[in-house]
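Asker: Sequence:
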Amino acid sequence: MVIDLRTIAQRWSHRSTTWRPQREPFDPRCYEVAPLPHTRIAKDFVLAHHYSGTFPVALACYGLFERTGWQQRLLVGVVVFSVPVQAKAGAAYGAGSTRFCDLGRFLLADRVGGNAETWTLRRALKLLAAEHQDEHRRPKFPLVLAYSDPVPRTDARGTVRFNGHYGGIYREKSALYLGRATRRRIWLAPDGTSLSDRALSKLRTGGNGAAYTYEQLRRHGAPNRALGEPDAAYVSRALREGPFRAVQHPGNHVYAFTLGSHASRKSLAATLRAGGPYPTHTDPVNTIGP
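Residue numbers (the numbering used here): 807 to 1096.
All clues given are correct.
Straight-line C-alpha distance at most 27 angstroms; calculated DSS-like pairs for lysine-lysine:
{"id": "1", "residue 1": "Lys-979", "residue 2": "Lys-849"}
{"id": "2", "residue 1": "Lys-849", "residue 2": "Lys-1008"}
{"id": "3", "residue 1": "Lys-979", "residue 2": "Lys-932"}
These are computed hints drawn from the structure, not numbers from a lab.
Start from the sequences, fold in the hints, and give me the full structure.
Answerer: Structure, rendered in structure tokens:
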């Protein structure tokens, strides 16, 4: 079966992949994008539905709300702007010392029409630019980097748990394509979940969140830590002895959004390193290997 990713929007419901037609009707009069007063609201939504089962270090969170009745609204989507996973990524793509953030999470519920992604993202970016400004009343984050992971994830039985995605929403929003991020090795748990590089790094160094990462590894089947075992030594042993699989990843696709005045956006865009044409969206999903 070949799925043309140009005609559908990939969603996640309870951490499983679902699909909606991209061009189906969407009535914006029934929706609004607004700041979420508490990060916990966004985190609960993301942890319940996003395929990764993880939540980034958030800088700003916005919700897509559906108006369901008189003074009643339902949270049906979340946009999370987060601390960059790679602090030097902006400079690597030509932005120099320009301050930037990541589009850490972006997901909509199944009930929302498939034409809503770009509408929601446009408003969330506008809110980010307006609400988070520097002393000169310019966007604090003139650059937002977004990553799409094209590599499917399978569980230990070979069942596809995540189909991979190419960033079609970002292309529709006219984001700048910057090419691929660095190739790397990733580790998959038996259920197909990717182990976070950042979390593993914290455990290796005993940093904040190390205890939580240790408990996650144990839940996935990692061995107990030996008494007095050094942090880094334990992580290496856990990955080696636990039920984890190493996968060579070719690198995520990277997109950029620029914020601010037309002149400032144009100037920043001119400095960014172009990554060539947008990636293809017609690969047979069920034939891409893990």
